[in-house]
Amino acid sequence: MTDSHFSRRALMRYGAYGAGAAALAGTAASWDRLTGADIPGRDDGSLVVATLGPAYGPAAIRTLTEGFKKVHPDIKLRINAVQATDWSDFFAKILTQIAAGTAPDLVYVATEGVQLFAQRLGVALDKWVKRDADELREYFADVHPSLVESMMYEGSLYQLPVEFNAADIYLNSQVLKRAGASFPAADWTRDDFTALLRDMKKSSGSQFTPYFWTNRLWGGVVPWLFANDTNLLSESKAPGGSWLWDSFYPAADRQGRGGGYRWTTPQATHERVEEAYDYLASLIQEDLCTRPEGGNGQNLIGVFSTGRVGVTPAGGFWAGGLNLAGMKDGSFDVQYFPRWRTQRMQFGAAGYALLRTSKLQDEAWEFIKFASRRDTLMRLFETNQTTPARRSMLTADRYREMGPSHWQVFYDTLDKFPDTGPIPAPPQVAEVEQVLLKHTGTALASRRSVAPALRRMQSDLEKAMERDV
Amino acid sequence: MTNTQIPAVRPQQQVAEAAPAPRPSARERGTRLLAALFLAPTIVGIVIFTVVPIVGSIVLSLFHWNVIDSPTFAGAANYREMVNDSTVLVSFRNTLVFMVLAVALQLLVALTLALAVNGRMPVWLRSVFRSAFFFPLILSAASISVVMKYLFNQDFGLVNWLLGLIGIAPVPWLTSENSAMAAVILVYVWQQFGFSFLLFVGGLNNIPKEIHEAASLDGATGLRKHLSVTLPLLSPTLLVASVVGIINALQVFEQPYVLTNGGPGDSTRTVVMVIYETAFEQLRFGEASAVGVLLFVLVMAVTALQFRLSRRFVHYQ
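If you read the protein sequences in the order shown, they are chains F and G.
For the numbering used here, count along the first sequence from 1 and bump the result up by 2.
For the numbering used here, count along the second sequence from 1 and bump the result up by 5.
Hints were generated in silico from the structure; no laboratory data involved.
Treat the hints with care, since some could be wrong.
[Claimed, not checked] Where chain G lies over chain F, by a calculated footprint (3+ residues, C-beta under 8 Å):
| # | segment |
| --- | --- |
| 1 | 93-107 |
| 2 | 204-212 |
| 3 | 271-283 |
| 4 | 287-295 |
| 5 | 427-439 |
Computed from a predicted model, the values in this text were never measured in an experiment.
We put the beta carbon where it would ideally sit given N, CA and C, even for glycine.
Starting from the given sequences, assemble the full structure and let the hints guide the process.
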């Protein structure tokens, strides 16, 4: 017998191989494959709500799921706490989920993403708001119209704000005392601010930085632009929105309201923008503040609570953070952002955006209403980790134990300075923010580098704004 | 007269060579099939996780796609946009600078320490050093970068505090265009050199002692011995270490992303950072893929060049 013929043993061996391979292939083909839909809660009819993970711990998730179950036992709810370092990272992960075909029904979206989601992914809430107007009257009466307006896009409402944070100034009391300075007045100016920083620097060692700030869209350069009566992008209001203002707000509050903000033409080379950058560059040159790359939120609480930083811009969210870091009431306080040409301040708000891809839109609306109820927010924001959008929740009781003494500043930023508005966040926000951060770094290298860097920023912003998202 | 050529081989040999190769025996065929079965999972893995994404990226680079809407064919538009984008060009320059400096430093540090550890010392101490030098490699690059960011902070970092004790003014490690890249390279090399170090230790142990002894008898000592004996014999290991080092360095992401976020300005922005930002932050997946394709070509070209040069510089025993 030649090699071209199989021996009986070889034939049996090959037969066994073949049978084994066929069995493997058959098993693989018949096996229930894991997909995104196999993750518990997905595709089982649950209403899926994506939230920013670090802001929503297990207790918050329990509050939402158990509370919602009591009100709507018929709707299965799943909170998907997405871990992300910031809003930009969070949106990137949500968009990846959408691309993977596992889009949530609702996404917790801050001002940074309101227009991006509204334009490309969101559903306007108008029809439900009109339908349940009576039920919502109490909510709108409790929420400042500026916050609501920041959630509108081209005349329609896309989210009910549940929290916000304006960039106020936190001051370390120990550092103030060391500098022999008194707590600043509510109408303090930019010059008062600079003088305070110099006093703080004089009275502290070399390892001390009076002003700490984080280079980001919220709370970075933008508060100074607002205070200098300018903005990174030209700001206007979209027409429309009267359906909401006329239904829920008194005439005085309707004044000047529209259908949401529009941020269009870049104006980085505007002389007031340059002034703001010149001012920050001068603070850096004098060693009165951190460089843009030096400051970041991760180490801020540590350096502030240990007296290595005197002042920093932050929102109501920081009261809880400082308390957790061991700072007691009286060891820090908060004041409005200083006046320059104006005392207009910036804020960012957040709420739940309903996605077009959701098959549970009515159920999602029920969740949006539930999440904006006072009792829900009371349980959710027990630790003062943010400023609630409802004015009635900001009481002396809330801040009695952890401070700050001037807690009224948080909401009065909106009430006393009615032109206070949201950070500029058009649908192209991701690229706008990246351009801002990048060129802010180079602009503040020295006073001479401000103008060239702003020219490059202007050019890059123009390109970014020309792009369709 | 015809030009009759003398056959180079004898007719019997010609016949033997012209004859078809004997068919493999059933046993050989079984062995080959078994080998194929064992290799199959790896091949399937490479196809699914390497080949398909590469082809997918090349295809995607010809489309505009923002995840939300359907892709639209763009032809070479993404490539045109890429070459006109100053950020992309700067990122390639940064990546090449990073690659050259980081790999050179990594190999130098690893080789120096490997030679030192291979010298005379107690076995237990050698083990301690080997573990200590390798340890950073098993840690997460992102975690290390977060810690290093604290250490190198200009205002509050431990490094500047220590420098302050000896009267040195705070250094803007991560906040100056001049020093940020150096700081990123230092952090990267500190974490990565352990791999090259282990390769070199292995390579050094494979060099027969007799060769060193012969060199000593010929009068070679110290640096001369290392340059003329150790390095040539270590050249195959050096090639592997440099190929792996260069491929890794061209794909650097975590360290600059966490330490400087590409700044100040674009001074530490690398190609992979641009790919990530363009795709996942700006939702321009087509352009990001075009940048990825160019990076792929660059990695292939550099690696091919290395292997070509290795014919001249690498000596196998």
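Hint check results:
1. As drawn, the segment 93-107 of chain F meets chain G at 5 residues by the rule of a beta-carbon pair under 8 Å; at three or more, the given contact holds.
2. For the segment 204-212 of chain F, the stated coverage by chain G is satisfied: 3 residues place a CB nearer than 8 Å to a CB of that chain, which reaches the threshold of 3.
3. With a cut-off of 8 Å between beta carbons, the segment 271-283 of chain F has 0 residues touching chain G; three or more are needed, and the interface restraint is violated.
4. For a cut-off of 8 Å, the count of residues in the segment 287-295 of chain F with a CB near a CB of chain G stands at 4, and the three-residue condition holds.
5. Interface restraint, the segment 427-439 of chain F with chain G: holds (4 residues with C-beta to C-beta distance below 8 Å; minimum three).
The structure is inconsistent with hint 3 alone, although it conforms to all the rest.
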